[in-house]
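The opening position of the sequence shown corresponds to residue 1 in UniProt numbering, with each subsequent residue numbered one higher.
Don't read these hints as lab results, they were simulated from the structure.
Values in this document were obtained by computation on a predicted structure and should not be read as measured data.
Distance windows between CB atoms, simulated:
| # | residue 1 | residue 2 | range |
| --- | --- | --- | --- |
| 1 | A170 | H70 | 24 to 32 angstroms |
| 2 | D89 | A170 | 17 to 25 angstroms |
| 3 | A199 | R137 | 18 to 26 angstroms |
| 4 | A92 | R248 | 50 to 58 angstroms |
| 5 | R248 | S129 | 44 to 52 angstroms |
| 6 | H160 | R202 | 18 to 26 angstroms |
| 7 | S88 | R248 | 43 to 51 angstroms |
| 8 | A299 | S88 | 46 to 54 angstroms |
| 9 | R305 | A199 | 24 to 32 angstroms |
| 10 | E99 | H233 | 48 to 56 angstroms |
| 11 | R91 | R295 | 50 to 58 angstroms |
| 12 | E73 | T303 | 48 to 56 angstroms |
| 13 | A268 | G148 | 25 to 33 angstroms |
Backbone N, C-alpha and C define an ideal beta-carbon position, used for all residues, glycine too.
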Amino acid sequence: MHTDDEFTPKPELRIAVYAFDGATMFHLSVPPMVFGEVTRQHLAVWDTILFNELGADITTDEGYRIGGIHGLEDALGADVIVIASWHSDLRAPSAQLAELLQHAHGNGASVAGLCLGAFPVADSGLLDSRPAVTHWRSLNQFSSRHPGTDVDRTVLYIDHGDVMTSAGTAAAIDACLHLVRSRLGSDAANQVARNLVVAPHRSGGQAQYIDRPVPQVNSLSPISEALDWATQHLDERIDVVDMARAARMSLRSFIRAFKENTGNTPAAWLRERRLDEARRLLELTDLGIDAIASRCGFASPVTLRQNFHAAYATTPSEYRRRFDARRRVGSAV
Numbered sequence: 001m002h003t004d005d006e007f008t009p010k011p012e013l014r015i016a017v018y019a020f021d022g023a024t025m026f027h028l029s030v031p032p033m034v035f036g037e038v039t040r041q042h043l044a045v046w047d048t049i050l051f052n053e054l055g056a057d058i059t060t061d062e063g064y065r066i067g068g069i070h071g072l073e074d075a076l077g078a079d080v081i082v083i084a085s086w087h088s089d090l091r092a093p094s095a096q097l098a099e100l101l102q103h104a105h106g107n108g109a110s111v112a113g114l115c116l117g118a119f120p121v122a123d124s125g126l127l128d129s130r131p132a133v134t135h136w137r138s139l140n141q142f143s144s145r146h147p148g149t150d151v152d153r154t155v156l157y158i159d160h161g162d163v164m165t166s167a168g169t170a171a172a173i174d175a176c177l178h179l180v181r182s183r184l185g186s187d188a189a190n191q192v193a194r195n196l197v198v199a200p201h202r203s204g205g206q207a208q209y210i211d212r213p214v215p216q217v218n219s220l221s222p223i224s225e226a227l228d229w230a231t232q233h234l235d236e237r238i239d240v241v242d243m244a245r246a247a248r249m250s251l252r253s254f255i256r257a258f259k260e261n262t263g264n265t266p267a268a269w270l271r272e273r274r275l276d277e278a279r280r281l282l283e284l285t286d287l288g289i290d291a292i293a294s295r296c297g298f299a300s301p302v303t304l305r306q307n308f309h310a311a312y313a314t315t316p317s318e319y320r321r322r323f324d325a326r327r328r329v330g331s332a333v
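Take these sequences, add in the hints, and give me the full structure.
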């Protein structure tokens with residue numbers, strides 16, 4: 001006779017999020033919110049825990065008490081360890097936390113430092129002089145503390161596969177969705193994003209916020225019209241001149257306004273949309289690479305392969321083998 005416990009699905013991914021006194025509710029909630037949605041939508045089974053050195057309750061910056069915190073020993077078995085934020089005084093991590101990060105990383109776990117969480121990750125020696133990003137207000141402190149690490153001031157996150165860092169606050173959502181995308185594919189990430197009512201992939205970087213806030217694209221603006229038009233014509237050989245014409249603007253004015261509104265260049269935005277559509281078709285259809293290249297507006301399959309590999313460090317064929325959604329139908333728990 002079988003018990004109910006025998007049919008309890010085992011976690012496919014175990015994620016440990018560091019929790020400390022003074023952390024904000026937002027920073028602590030983002031990883032469980034995004035990763036929990038994976039399980040709620042039956043895309044996979046991802047188990048997320050909070051942990052710290054003592055396995056002790058914490059008090060958030062807002063004054064809320066949070067219990068159920070695990071100790072370091074429970075985090076050791078995690079597949080992914082997330083430092084979702086860090087102390088505002090940017091103190092060095094405790095010896096126990098640094099040792100945990102080093103040990104877990106050495107055993108194959110991925111480590112993510114979101115927002116100011118990039119500091120303890122770098123302090124623990126995990127970046128190994130590789131590029132990193134953190135909240136834009138602390139970029140100079142990060143550079144001074146780790147002069148051998150290149151700081152990218154333009155991106156929302158940087159993923160090296162084994163170590164990831166992200167820009168400030170809301171960029172944690174982008175980084176967590178990226179983790180979903182890298183593990184389960186863009187279709188799964190899109191499903192999670194839709195349910196959370198957030199963008200599945202923001203193409204702008206934090207550089208747009210450093211000097212002054214940039215407003216969202218007004219749905220009735222010429223730039224918005226150009227975005228909508230381009231999205232509907234990805235299968236055509238359109239370029240920046242065509243987009244400017246759709247916006248009824250001069251090329252120079254269009255390029256300037258586009259960058260101000262989206263934080264990206266028209267050419268880079270268009271290339272990203274083409275690649276997004278290519279990934280969708282690879283996951284959801286059996287179209288050949290030639291047909292996908294044509295539908296996404298690439299000049300040739302070779303051009304698609306080159307751009308795809310540059311963006312995702314893999315080939316379209318390998319991506320399809322890994323993320324073919326049709327093969328996952330009925331397999332999720």
